[in-house]
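Participant: So the chains spell out like this:
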Amino acid sequence: MTAEMIPRALIMPRTHETTESNKTGSWRFLRPRYENKTSPCSAACPAGEDIAMIEMLAGRGLFKEAWETILLENPLPGTCGRVCFHPCEGVCNRKDFDASVAVHDVERFLADVAARNDLKPVLEKLPRRPHRVAVVGSGPAGLSAAWFLGLLGYGCDVYEALPEAGGVLRWGIPEYRLPSPVLNVEIARIESGGARILRGRPVTMESLDGLRKDYSAVFLGCGLSRGAPLRISGEVPDAVTDGLVFLRNVRGGQPPPCDGLSAVIGGGNTAVDIARTVVRLGGKAAILYRRRREDMPAFQDEVSMALEEGVELHQLLAPEAIRPLGRRYGLVLKRMRVEGRDRDGRGRVVPTGETTEMEVERVFTATGAEAAQPWHRPPSGRGSGISLSHCVIVSEDGANPLVYGGDPVNETKNVTQAIASGKQAAMALDTFFQEGMEAVEARLAECRVGNGPALSMEIYMGGPRRLRSSHVVQPGEINTDYFRFGARMTQPRLLVEERIDSFDEIDLRVSAGTSIREAERCFNCGLCNQCDNCYVFCPDVAVRRGRDMNDRRIDYDYCKGCGLCAAECPRNAVTLEKEDAP
Amino acid sequence: MQPDGRSREWMCSGHVGCAGCGAAVAMRFFLKAMGEKTILVVPACCWSVIAGPYPQSALKVPVIHAAFETGGATASGVRAALDMRGDTETTVVTWAGDGGTFDIGFQALSGAVERNENFIYVCYDNEAYMNTGIQRSSSTPYGAWTTTTPGRDWKKMRKKNIVEALVAHRIPYAATASIAYPEDLIRKAEKARSMKGSRFLHIFASCPTGWRIPSEMSVKIARMAVQTNIFPLYEVEDGVRYTINYRPKEYLVREYFRLQGRFRHLKEEDLDQIQGMVDEDWRLLLRKAGGGA
Ligand SMILES: Cc1ncc(C[n+]2csc(CCOP(=O)(O)OP(=O)(O)O)c2C)c(N)n1
Ligand code: SF4
Ligand SMILES: [Mg+2]
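Residue numbers (the numbering used here), protein chains in the order written: chain A, 1 to 582; chain B, 1 to 293.
There may be inaccurate statements among the hints.
Under 7 Å between C-beta atoms, here's a sample of chain A residues computed to sit facing chain B [as the list claims (entries may be wrong)]:
no.	residue
1	Val541
2	Lys560
3	Ala567
What the hints contain is simulated information worked out from the structure, not anything from laboratory work. Yeah, the Cβ is synthetic: ideal placement off N, Cα and C, and Gly gets one too.
With the hints as extra help, turn the sequences into a complete structure.
Facilitator: Below is the structure:
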């Protein structure tokens with residue numbers, strides 16, 4: 001090599017631009033997109049509560065916000081946290097992973113925190129409207145209608161025949177399950193939300209006509225307050241007491257004597273409530289049910305606790321007659337046996353032909369309830385008006401609408417369905433006032449949670465929940481690699497000995513720590529909780545975050561559509577779709 | 001999930017790695033731990049391409065493209081040059097594929113770490129020569145199809161245990177990491193950065209193209225490799241102190257193999273045999289880590 005051949009300066013190629021001029025988004029044939037979806041629990045909740053969001057907030061210790069999120073869909077969280085049959089937990093996607101989230105325990109905790117700290121909810125309300133609505137009955141349906149009409153800008157007068165509000169919640173559910181202070185707090189909040197409750201103001205069929213003239217609409221939530229009779233021989237008032245009347249007297253502070261053995265006929269929660277109340281008043285109780293334990297509509301947990309408390313359960317026995325036996329009564333019972341299945345899947349029972357007799361002090365009925373007055377039910381031949389899933393609206397020509405709701409209308413009769421009824425009525429009336437009756441059904445259909453029967457007030461009022469997809473997240477759509485097994489909380493309870501001689505609430509207070517841990521168990525199905533996995537794993541740095549790190553967007557200039565964000569999202573908040581053909 | 005203060009990006013969009021490329025994810029995480037004062041030496045591998053053709057670069061730190069077999073030697077030279085300039089701040093990193101590490105670059109690597117050169121050597125492992133079209137390497141696992149182990153001639157040799165080979169050099173730090181465990185990976189990279197002497201990181205980086213898996217599965221597969229003990233997460237200090245970072249719940253290897261096209265031909269008895277090998281390797285590791293401790 002000669003000297004001339006050695007280069008003066010070493011020439012070194014140095015890069016001077018980034019790869020950002022390559023728009024690799026053109027490679028993409030699948031397109032990810034952020035899309036919050038519907039959790040199965042929220043679709044199963046008759047009140048359509050935004051459970052995945054509630055648990056997310058509660059898990060972060062944002063108790064007030066979580067509680068307000070409930071109140072937007074359900075004005076009675078303290079009540080429902082205690083007495084709702086929580087269908088949400090039955091469909092929880094966590095069920096097959098370890099155990100469902102204790103949604104009702106968290107709900108109860110949030111309501112109790114709010115009550116203890118005297119929290120005032122800050123909820124968005126629509127502007128005031130000139131119309132006023134009369135609500136007849138202050139049970140769960142009436143309270144719910146009044147609350148939601150309040151959110152929608154309407155003033156309400158709630159007519160309650162009895163001296164205290166609450167309906168079945170106050171008179172039909174024993175203290176040990178639903179203490180009156182809890183109920184009082186809920187009712188006070190509904191009143192401060194704008195509803196006026198007129199106590200001791202019964203409405204009759206005649207005065208109803210007046211209400212329809214004085215108010216723009218009337219909501220009838222009169223409930224089913226009369227127990228169904230047994231319709232057997234010897235059913236005389238001395239021997240047989242309507243179980244609902246009994247519960248009402250006990251809660252009203254006038255417990256009748258309960259010594260000796262009381263028979264309770266029925267298999268629902270009311271039967272169990274009566275039997276356990278009898279035990280607390282010093283008597284003995286036997287529940288007689290025509291089907292089997294597993295067929296009882298009562299909550300199994302309540303049945304177990306009743307048995308622990310000494311209540312007897314006799315299955316496959318149906319009452320046939322009652323005859324006086326000195327100061328007592330002989331209750332003649334038909335033995336039943338299971339033969340085939342009923343349409344609802346429960347075993348069908350038929351008499352075996354044998355009978356047996358039981359000597360009892362008295363008999364309580366709990367075999368279903370009826371409307372106290374025939375006009376509490378919607379007329380059968382419907383004129384003009386519409387019939388919705390949870391209410392019936394009647395509006396003869398020119399007359400102000402009359403809305404029937406609650407148990408007399410609902411197919412499934414319980415507190416949360418009654419709340420759903422009040423909510424549906426409020427939405428329907430608002431739509432009727434603003435857009436006319438023709439618009440009601442379509443407007444309500446837009447507010448369905450996951451295309452199910454539950455309606456969302458947040459969606460109705462145009463809140464962010466309306467942007468969610470109605471797709472209900474399935475267990476297989478959860479990336480369970482991101483969740484660790486965690487035992488479901490156990491609700492601490494009074495001991496049996498403490499239970500049977502007082503009406504103290506059985507379920508004890510749960511700590512904030514336990515409740516947070518429980519709420520954190522929630523997968524938050526379908527809801528982005530800012531875990532950042534999509535951002536973290538993107539091989540193309542194509543997930544951009546805003547300043548507060550909580551708003552993300554996909555940069556489609558570079559996203560190659562690999563799908564990692566969707567696959568690594570633990571909770572299906574990213575949707576991957578075929579790219580539209582150019 | 002996102003570790004604090006790691007929002008700065010050192011890798012650019014628009015790189016030409018395949019959709020779902022685990023090697024790209026690995027680099028992104030690694031540089032979050034390393035930061036600006038880093039020089040990368042990249043011997044021939046997919047990353048030579050991903051880093052961009054002249055005049056582009058996908059990385060915001062200097063990259064020296066080096067010959068395939070020279071990862072260890074080039075880094076040694078770069079380190080020496082920096083030392084001569086008095087730059088003790090900058091970390092020199094070799095970023096090489098498994099072919100460039102387990103096979104052709106092995107002697108340069110062994111020589112460099114034997115001299116305890118002050119650098120970090122990262123092998124991102126996609127278990128074959130991917131850049132040139134999926135040829136088997138000594139990192140390719142037993143049972144895998146590649147273009148050079150096609151059909152019935154699937155690979156019948158075990159994967160070389162590269163970490164143990166490095167540990168045998170008694171270097172200050174050797175560790176495994178996986179793209180499915182970002183926090184563990186970043187922690188190990190930071191730890192390596194804070195040390196002096198030869199440090200070795202073996203990063204499991206799935207390759208959708210070469211493994212015949214859907215692109216969205218690449219992290220899941222990497223996670224399963226850890227969960228099944230196929231790729232345990234552990235670190236070794238000074239060639240003797242072992243720490244196992246993750247104790248899996250004994251998932252079966254079967255699921256991992258079933259999900260990948262490169263293993264489709266394997267029969268039940270092959271999978272049983274592989275399970276036996278994985279169990280054996282795991283027991284060996286436990287023994288080294290102080291018997292199950
Ligand atoms: C000496 C030499 N032989 C062969 C090649 C061709 N070559 C370039 S990259 C490559 C494969 C690299 O495989 P690996 O190190 O595993 O990295 P990967 O591409 O898989 O990321 C080969 C064979 C080369 N560049 N130099
Ligand atoms: S071939 Fe594999 S390692 Fe290489 S760029 Fe594609 S996915 Fe990444
Ligand atoms: Mg390779």
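Participant: State for each hint whether it applies.
Facilitator: To see whether the hints hold, each was checked on the structure:
1. Val541: holds, 5 Å
2. Lys560: Holds, because the Cβ-Cβ distance from Lys560(A) to chain B comes to roughly 4 Å (cut-off 7 Å).
3. Ala567: Ala567(A) check passes; min Cβ-Cβ to chain B is 4 Å, inside 7 Å.
Hint check: no violations occur; every hint is consistent with the structure.
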